[in-house]
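Q: Chains as they are written, first to last, in my numbering: chain V, 1 to 315; chain Z, 1001 to 1427.
Calculated from the structure, these hints are not laboratory results.
Hints are supplied without guarantee of correctness; some may be wrong.
Partial pick of chain V residues on the chain Z-facing surface, computed with a CB cut under 8 Å [as the list claims (entries may be wrong)]:
| # | residue |
| --- | --- |
| 1 | N65 |
| 2 | L171 |
| 3 | G262 |
| 4 | Q274 |
From chain Z, some residues computed to sit far from chain V (all C-beta separations above 12 Å) [as the list claims (entries may be wrong)]:
| # | residue |
| --- | --- |
| 5 | G1033 |
| 6 | P1114 |
| 7 | A1191 |
| 8 | K1285 |
| 9 | L1425 |
Just so you know, these numbers come straight off a predicted model, no measurement behind them.
Every residue gets a Cβ at the ideal spot worked out from N, C-alpha and C, and that includes glycine.
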Amino acid sequence: MTQTDTRVGPAAAGPAPGPARPFWTTRRRDHLAGYLFIAPQLLGSAVFVILPLILVVWYSLHEWNVLAGTFEFVGTDNYQALVDDPNLGAVLRATGLFSVGLVVFNLGLALLLAVLLNQRLRGTILFRTLFFSPVVVSLVAWTIVWGFLLQDNGGLNSLLDTVGIDGPNWLRGEGTAMVSVIVVQVFKNVGLNMVLFLAALQGVPAELYEAAQVDGASRMRQFWRITVPLISPTILLTSIITVVGSLQVFAQIAVLTQGGPGASTTVLVYYLYQQAFQFHHFGYGATLSIVLFAIVLALTVLQWQMRKRWVFHES
Amino acid sequence: MRAGKALRGVAVALAGALALTACGGGGESADSGPAKLRMTVWSANEAHLKLFNEIADEYRKSHPDVAEIKFDPLPFDNYTTTLTTQIAGGNAPDLAWVFENSAPDFVASGALAPLDDTLKKAEGYQYEDLSPATLKLWQNDGKLFAYPFSTSPFGVFVNTDMIKKAGQKTPAELIAAGQWTWDNALTTAAAAAAKSGKAGLVIRDFDYKGWDNLSTFWTGWGARAWSEDGKTCGFNSPEMVDAMTALHKATFTQKALPGPGTTADFFAGDSAMTVTQISRASLLKDGGFGWDLVPLPAGPKGNYAVVGQAGIGVMKKSPHAKQAADFLAFFTNPTNSAKLAQFFPPPRQSQLTAETLAKTNPKLKPEQLQKVVIDGITNGVVKPSHAGQAELSQQVRAGLDPLWQPNADVKAVLDGVCTKIQPLLAK
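Chain V on its own, in the form it takes in the complex:
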């Protein structure tokens, strides 16, 4: 009723209306089609991404005693507990150490392998397959096997023993445990980055190298001046993927060290798991997951911003 009045009022004062415009214009139809196409993805994101994010923030403001069945609003208490947590420093240190170690070793080794396997030599396909194959292996199975290799009387030390080296107890030493976890993760996923680098390397025009050779540039100079700039978008992509992945490491820690010895391999996700699911501090666990989210977001944004300085050839 109101709608009719509103429409009629101004129209009566103005010129006579022309023929009514059809509602389903081509433009509107296109828009509807577009929205319908993205609707499943939007719905999925709302239910499985946005909603959980909101719920995690909500949980972080509560103390949830699962066994007693109580769910009490505690405001910012969990955030204060975060500030007062005496273990958090060690946890963040272990997380940072793991991330730096993984990123450096993974990207370095992946690039080295990609450069080596980008040659036209006999057997390169075999080696590419060999290095990529761990990517498709189950993570837990891979880690369990490495657990056997790294134990005191395991395969690695037996191998070292044959050349007269008394290997350390890899998973029990405060220094060696972190190195072991990093190495296990590097070998698991280095193949993926290697393949991405290989694809990027094969996109570098050969004539650039030919021109550089004519100018007398050394192999190393060609690498730094031609290869690295031209594959820098892939370096950016792999570094973002690897940094985010490194901050989310869990299974390797749970299977190999359970955060030990001491707290030397207790990274943030494992600490979050302990607090929420083992100690039943679900509210505090949610708070830690927000910290993790903030760290991942900050590092990703930082990397994305830094691309302007070092990523070459970006449209």
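Given the coordinates of chain V, work out where chain Z should sit on it, guided by the hints.
A: Only chain Z this time, still in chain V's reference frame:
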């Protein structure tokens, strides 16, 4: 205006989804029609499940109000974590096994329904037959919150072939001579390890992480993880320092125990002795090697026994708590308890006889059952348990890690453990 309406629509949709999710987490549904009961268990052993299902089928014949009883095996290693995650996710079982180390949390939190009345009223139940010692851990304010389903003492399984090959007296011979002490047990284990190139003695499931299994060792020195009231740390007591010094020496000097990071499975013939519970006897293979089962060696404070326990509780929030408690009364009545005794030592005093247990434990001799099981249940202390055990356990594990190095300062490490856990104990 339209954008505002659209935003409102999205907000309403999200709020609706939020509300639906919140409702889904409650775990309580309308109670209509015959009940479907679910009980979480840590065993996926076919023989165990077969027996459970037989008892459940028998119960359902006379109880049409129960349509189904499902036994849901959860992985042993993360049993309690999985169970609490199920509870948090609104998928709580109706009945659950609870280990001794999480008993204080479950019993004191109000998560479990009291069982006394149901069990006492059940026809022919003989509640007074339950050994009071086995009920202690599961009671709060005079009420019983879980049935002590399995009280399993620790003993020492011995590979007699390996020990004889090392020219050592067997534990049975040492017992006969009144010399079955930890000193002699460790000397025997070290000799067997040196001769065979395999491991000497394995405290099973300890693996330099599951420290509560070490109570099978330190109790012989009169040591305790914490005081009786749970308020004071016991790790730096003189008794504990002596016990841990002996263990450290046995590991790194005598080489009687396999060192950290070395695995050895007794039941696969990899070690001379193992401290474990009798339920593991089923792992012994016929014709594998000569074996024996003996009580724990005497410590400086004399003979002792340590038991592990599992209780069965009914979740208070279960929509079928009444039927679940009634089924539990049937599941553990004298008749069914006798059937279950072949796998799980019962808390019923009338069934704790070597004759009864021998009928269902063919691999064990009556004297083994008497010395290890019956005497153990009667006199044993339960493995350490405390409210907030998971957090305590993690702190103790991290605190003890420096002890498992050849040159560790035992007293300093144990002082460090107490520094870490005392604030948690005092809570």
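Q: Could you check if G262 (chain V) really has its C-beta closer than 8 Å to a C-beta on chain Z?
A: 5 Å, holds
Q: Would the hint on N65 (chain V) stand, with a C-beta cut-off of 8 Å toward chain Z?
A: N65 (chain V) check passes; min Cβ-Cβ to chain Z is 7 Å, inside 8 Å.
Q: Please confirm whether A1191 (chain Z) is truly not at the interface, meaning its C-beta sits more than 12 Å away from all C-beta atoms of chain V.
A: A1191 (chain Z) clear of chain V: closest Cβ-Cβ about 20 Å, beyond 12 Å.
Q: Over 12 Å from every CB of chain V: does G1033 (chain Z) meet that, or does the non-interface label fail?
A: 25 Å, holds
Q: Quick check for students: does the CB of L1425 (chain Z) sit more than 12 Å from each CB in chain V?
A: 15 Å, holds
Q: Would the least Cβ to Cβ distance between P1114 (chain Z) and chain V come out above 12 Å?
A: 15 Å, holds
Q: Measuring from the C-beta of L171 (chain V) to each C-beta in chain Z, is the shortest one below 8 Å?
A: Holds: closest Cβ of chain Z sits about 6 Å from L171 (chain V), inside 8 Å.
Q: Hint check: is the beta carbon of Q274 (chain V) less than 8 Å from a beta carbon of chain Z?
A: 6 Å, holds
Q: Holds or violated: is the Cβ of K1285 (chain Z) farther than 12 Å from all Cβ atoms of chain V?
A: 23 Å, holds
Figure legend: structure checked against the earlier numbered hints; every hint is met.
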